[in-house]
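> Note that the sequence shown covers residues 8 to 1080 in our numbering.
Among these hints, one or two may not hold up.
Heads up, simulated BS3-like pairs for lysine-lysine below, C-alpha to C-alpha not over 30 Å straight-line [said to hold, decoys possible]:
| hint | residue 1 | residue 2 |
| --- | --- | --- |
| 1 | K1017 | K1070 |
| 2 | K588 | K512 |
| 3 | K524 | K512 |
| 4 | K548 | K512 |
| 5 | K1058 | K910 |
| 6 | K612 | K164 |
| 7 | K524 | K164 |
| 8 | K151 | K327 |
| 9 | K524 | K334 |
| 10 | K612 | K548 |
Source of the hints: derived by calculation from the structure; they are not laboratory data. These figures come from a predicted structure and were not determined experimentally.
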Amino acid sequence: MDTSSSGHQRRRRRKAHTAEEAAATLRKAWCRLRLSARDPARVPPWDAVVLTAASPEQAALYNRQLERARSLGRFPASTAAIAIPDPDGARIGSGAATLHAVASLVRHLAAQASKEEIGEFLTEANDCSGDEGTLAATASSMAKKHVLLLHAGGDSKRVPWANPMGKAFLPLPYLAGDNPDGPVPLLFDHILAISSSARQAFNNQGGIFIMTGDVLPCFDASNLVLPDDAACIVTVPTTLDVAANHGVVVASKDGTDQENYSLCLVDNLLQKPTVSELVEGQAILDDGRALLDTGLIAARGKAWQDLVTLAHSSSQTMIKELMDSKKELSLYEDLVATWVPTKHEWLRNRPLGKELIAALGRQRIFSFCSYDFSFLHFGTSAEVLDHLAGSYSGLVGRRHMCSLPETTACDIAATAIILSTKISAGVSIGEDSLVYDSLLCGRIRIGSQSIVVGVNIREFHGYSSQIISSSASFTLPDRHCLWEVPLVNSAARVLVYCGLHDNPKVSIKRDGTFCGKPWINVLQDLRIQDTDLWSSTNQDKCLWNARLFPIMSLPEMLNVGMWLMGSAYDPDGEVASQWRKSQRVSLEELHRAIDYSQLCTDASKHQADLAADIAKACMNYGLLGRNLFQLCEEMLQKDTCLAVCKELLSFFPSHGDQYSGVLPQSREYQVKMDLLRASGDLSTACMVEEKVWASIASETASAIKYGSKEPSRDPMSSNNENLHPRKAFVELPVRVDFVGGWSDTPPWSLERPGCVLNMAISLEGSLPVGAMIETADNHLGVLVEDDAGRNVYIDDLASISSPFKQSDPFRLVKSALIVTGILCHKILSKSGLNIRTWANVPRGSGLGTSSILAAAVVKGLFQLMDDDESDDNVARAVLVVEQIMGTGGGWQDQIGGLYPGIKCTQSFPGQPLRLQVIPLLASRQLIQELEQRLLVVFTGQVRLAHQVLQKVVTRYLRRDNILISSIKRLAKLAKIGREALMNGEIDELGGIMLEAWRLHQELDPFCSNKFVDELFAFADPYCCGYKLVGAGGGGFALLLAKNLSCAKELKQALEESTTFDVKVYAWNIAMPR
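Construct the entire structure; sequences and hints are all you get.
Next up, the structure:
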């Protein structure tokens, strides 16, 4: 443990995340989130996701958002997801809201429990019966659950345009470019991703993780350490000026201090302390900073069980007492203080303090201080834009799921962010503005640093008053917000606006503003009285309760809005008169009158229409480059989806004819199959699916054979009378791949560049794969024998034809006979063939054995024929062999076995496919260090690459952008890995292996399993990198140790382990002979 002062200074002065670091952190979190949804048995998700809401109406909106998240694969079916409103809409404080949410979850789980589960619950209940017994048992059971609680209730006064959607669900297009055909990422989605990494810190001990809906904690939560049977608060060092406005944690000087975090008991809690209070409380660290309370709180084991028991038994009584006394219970001041003994005396004088101490005070709370943490608060409209335009701007997708006119018909700044929006000609949008979920037509000018949300403005031809028409314009000034709200029990909608920096809570007396101007100036400029806005003289007059916004037709509201914002004049007072006569509402009244159901319905229809427009444009004008499968899922939100899909199907087959020779037929068939499925025609879709795979095989064969010599079909065409040589003996190494796999696989490699870094190795002192082929004088057929003792004699050579049954153990050799053309060669007119094959490696090894064995057979056959047996020619032939076999597969396996040593191989699409093998000129020292530090371990888990291959290829044919970006990154990492090895940076290679392993799981979550995860967790302290070889799913693993000592310790630990029945193989790099 490093406890030196210099160590503290160095770590705690770490700079904030760069955009690249933040992107890497978020991508890692998103990967785990997707894995937990796809394979929850292996990557445990939250058992429940709970949101607090201010009212039943807001809870209904949140429940729809939770269902949206589930449908998008944010969490699996097994995760309970529920929004819980505060009782009677009362302000009870975040602590009471926490207890109420936990108690409500107990009741929800009891109501949802099956008869079998209820029976199990009741066995845990003591002296209870009926509903009471079920609830008590459920509470006991829930202490074993893992719960994510997100505080998202209340009114968003500082971000008023987010009130209709809830601040937790505001758009946050970080990494939106990774999935351009998917919905716009929301703040809630990113919070879920970060929290999914925190889930693993609980292990098998139940607990709760509490977050707030307006904060994105950007840190690698997989490093979170939570002590057993205790609470924990996440902290981060901050400057004293920031600490003075927030909660501060005073941590013990003793504890665990690691490179990226420290874990210490909490000695005290301070709320918005002055500098003198910080000094007196010993809260200032050695580097002059203090520990900021981030709002992330966890309770685990007994601490969680105590919380569940209190919530289940007493929350209703406690909340009633709070409501009667009109007091609140804070999570961060009151509830957390129960776990800090020095706060007990203070807490006893607080509402319900004694009860809290009695119920929770037996456990302690720790501070987990992260030195690698960025705290993104979305507390104001200005902060939202800052996080989109500031240091993280490189993460932002600025155009996402939108429809825009040509650049000569509109003026949209390059830095403007347009999300889920349709814009027509004539619209102007300024720098750094955000436009979301809107439709803008006509002459509309949106200023710089402005926010427009949920606005639907069309041209109003023929409107009688002609307040705004196609010849007029609407202007939203710089630094303003504009949004539209549907009213409950009414067909009306209200257009709302304010200044970016307006604080609706600040009153006139405290220099409150509207549209950036002090209220006194607003009243003077508009020539209105405060009585026009506020009815009571005792009322605290502020923007929140000012009755500003008229309910009238949209053209009239636009016209009045420009007058109120100061972008239009009213010389004759007509607009002011119209405004005074209108029915008007305040932000406060709007918050209670939002039609959340209509809001969701409108948003869904709007997004479905956008998806349909994009799909039609893709079919009409493009080369099917968009993910139509995903767009169809968006369109399914609207009743007209089937009609749209049938319209898109009408483009076939003319679309393929139009782009013949440019558009791969396999892609065209995949699109047609997806549209048929979306249309409900499943039988036709299945028939088209067969054409997809047939097309891939045909395209691969064309790319390999084009321009090369075709084998002769004339048995008399050879003049080679000597038939030399009569015997061929081929031995080859196996290959292990460091990174780049999948970029070598058709159809990717036929359409995009690929790059793989791999290595040829011997196992246990020998080359494990081989074939011996010789001519036979005693028969004219083909006798094939393998190392399992199986054999087959084929006397009718014409019977060797594809397709072959998958159960045929000799289809590899038969396919090689076809591809090499030996069946038509003169050599078989006078003699037969004896072929013996072997592969001294476990089945399903992932070492490329099948392809390398095919290479050995092909090479041997070419030798017999005295044909071109060059490694390049053999590698190409094996690609065709695998397509005939029906296994698919790429070029990296045969390249890995045919070419010795370490090599970086690139492929370039075209006809023919070009392969460039670049050997790594490794020093003797590098080879020795790599052979000493790299453990090659057979996991004992059998893998089937073909099953994985079909899933990945299907996703590629659908143009799944997450998959495409992952494979691109793998190919790039192969080049980076080559440079690392060239420079002798083996540790850097370990980091590349780890990222490659994460990307492989992104491509297919089932490339690993629980056994492999546990093996890697066991090896992690010894290693700087690890991964499964090949496509994963089992087989061999590569474990790259941190140094020679770690390698020896890990090898010994694995050999002595009773948990892992694995074998560590002796290996060497197969160097050129």
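> Which hints from the list above does the structure break, by number from lowest to highest?
9 and 10
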